[in-house]
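J.: One letter stands for each residue in the lines below.
Protein chains: 2
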Amino acid sequence: MINQLINKIKATKAPIVVGLDPMLSYVPEFLKTKVFQEMGESLEAAGEIIFQFNKEIVDNCYDLIPAVKPQIAMYEQFGVPGMEAFAKTVAYCKEKGLVVIGDVKRGDIGSTSEAYAVGHLGQVQVGSKSFTPFGEDFATVNPYLGSDGINPFLSVCKEEKKGIFILVKTSNPSSGEFQDRLIDGRPLYEIVGEKVAQWGEEVMGEEYSYVGAVVGATYPEMGKALRKIMPKTYILVPGYGAQGGKGKDLVHFFNEDGLGAIINSSRGIIAAYKQEAYQAYGEEHFGEAARAAVIDMVTDIKGALESR
Amino acid sequence: MINQLINKIKATKAPIVVGLDPMLSYVPEFLKTKVFQEMGESLEAAGEIIFQFNKEIVDNCYDLIPAVKPQIAMYEQFGVPGMEAFAKTVAYCKEKGLVVIGDVKRGDIGSTSEAYAVGHLGQVQVGSKSFTPFGEDFATVNPYLGSDGINPFLSVCKEEKKGIFILVKTSNPSSGEFQDRLIDGRPLYEIVGEKVAQWGEEVMGEEYSYVGAVVGATYPEMGKALRKIMPKTYILVPGYGAQGGKGKDLVHFFNEDGLGAIINSSRGIIAAYKQEAYQAYGEEHFGEAARAAVIDMVTDIKGALESR
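Chains A and L, in that order, give the protein sequences.
Per the numbering used here, the very first residue in the first sequence carries number 281; after that it's consecutive.
Per the numbering used here, the very first residue in the second sequence carries number 281; after that it's consecutive.
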């Protein structure tokens, strides 16, 4: 799947991923009103609203981008109907040929981690039959529990040719509380990064490993150091746009070949119609506003990479 | 909710929690066969099987125990129907008066962490109405992202009088890979433990904080050190029984008053009928075998506490 992701990045010339994190406050009023009129105010209606919102974004952007990253928390908050909307979103994006990165940040040990891996990336056995529960292509994973948490994901990745992105240095202001603490003179995130590179050796694709890393756009210097520690690791970079990251800050996340990183933007794309720059589209055309924001983001990153 | 948990621990005289982690391999054949005959082999059938299995365990044990801890991965692996079984399990256990600890190990940042907190412990707004999506009383949370990941949970805990247990030192063999690394001469788990104590000060119940910690039974010496670092923190202790922990190893997790810790057993209880000691019950009576295993576990821990 990492090979497929890289091929799609090359084909679209867009090392970006659109974060499908649909808070109800991002959804235009007309869409909410329409669904509430049909279904009443319910968890089911919330699920239907976020699915329809996602569909419009995807329909307007799928030809420009290699991948999407639905953030499962935004679905899980609506309970079972929310999880249904998550599953429908994953299926729809795959139908459109997109690589789907499930931003689930799961992590446990042994058979429990295996259950997460199977649920999100693999197939589960029920009696004599097997089923694909959620069917993402990649999942994000939390490393705090060590190899016991990661190995079950590696097994499933190997079998299914899927991948994971392990949290190394997250984009938030307080990420340093633990991640930056020095161990033998080096920050914890570097120790985790080294381990990510090691885990990755077991499941190599053609140029890069099935095991990627998450490193926040908001920490470009750390990205530079981690790029060297994990040369064969694809880096998923959240924090572009709304969280403050800009194209020029991101060049060091990439290798010399222009590969090795994929930049995520969520709110900056899916709620573009709310920004001054794209307001002219009007909320009825929020999908077109998202498309325009994707084009601008790709231009920004391409420009930064070309002028480095 | 921490006050309610403590009151129930005092009333039942059982500082234990039963882990509802129903792998299909734990479920007696007759139950699987019955449901497959009714529903065919499907994800829906898997959900129904684990719900019926849980119900039998709960019906046989609810008067002896203060709490249950469903491990969401074991449900999530069956996709949306699995999540439905999780929600039904939570609702059924609450109906039976049990405190429900959702072992979800979630953790993200800002509005995303808030979405998890709302989904599992709080209420979500849809239009003018609010709904309780999953409705657990406690959730387990991963600390790797720092305060940005924890604070949204604290807000929801404060509002809803719910609680969390933050992973500090997990029970698995490789937990030391990161958690034991020394920072200024002290292991990371102690640094996390100090932070847990700090976070906990903001949301105090009567004797203990709404913010608890997870510390594995398999590391009794570390439990002793952490008990001192976090005096007002309830410690959720996994790893008893099947993972190797025994009553006498666990005394240092408790404070002098016999409170401060709650010991989890999953497989050792719910799959007791498979153990030699309880085989005489037969698989048809797996609920009674679980009840017997609960009684033995309580006796073991009580004995250890009395003879310390």
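Careful, some of the hints might be misleading.
For identical chains, the list gives no copy identity; a pair is met inside one copy or between any two copies.
Taking lysine-lysine and the DSS-like style, the derived pairs with C-alpha atoms no more than 30 Å apart in a straight line are [unchecked claim]:
1) K554 - K409
2) K409 - K582
3) K475 - K409
4) K528 - K441
5) K290 - K441
6) K368 - K312
7) K475 - K335
8) K512 - K288
9) K376 - K508
10) K554 - K475
11) K504 - K368
12) K368 - K409
To be clear, the hints were calculated from the coordinates, so they are not data collected in a lab.
Here the structure is a predicted model, which is why all the values come from computation and not from measurement.
J.: Indicate, hint by hint, whether the structure satisfies it.
T.: Consistency of the hints with the structure:
1. K554 - K409: For K554 and K409, the Cα distance is within 30 Å only across copies (25 Å; inside one copy 47 Å).
2. K409 - K582: Intra 46 Å, inter 45 Å, cutoff 30 Å: neither.
3. K475 - K409: This pair counts as neither: shortest intra-copy Cα distance 36 Å, inter-copy 46 Å.
4. K528 - K441: neither (33 Å within a copy, 45 Å between copies)
5. K290 - K441: within (20 Å within a copy, 51 Å between copies)
6. K368 - K312: Result: close both inside a copy and across copies, 18 Å intra and 28 Å inter.
7. K475 - K335: The answer is neither: 37 Å in one copy and 42 Å across copies each exceed 30 Å.
8. K512 - K288: Within one copy, since 18 Å is at most 30 Å while 52 Å is not.
9. K376 - K508: neither (35 Å within a copy, 55 Å between copies)
10. K554 - K475: So K554 and K475 fail the 30 Å test inside a copy (41 Å) and across (38 Å) alike.
11. K504 - K368: Neither: 37 Å inside a copy, 47 Å across copies.
12. K368 - K409: Answer is both; intra-copy 22 Å and inter-copy 24 Å each pass.
In this structure, the hints that do not hold are numbers 2, 3, 4, 7, 9, 10 and 11, in rising order.
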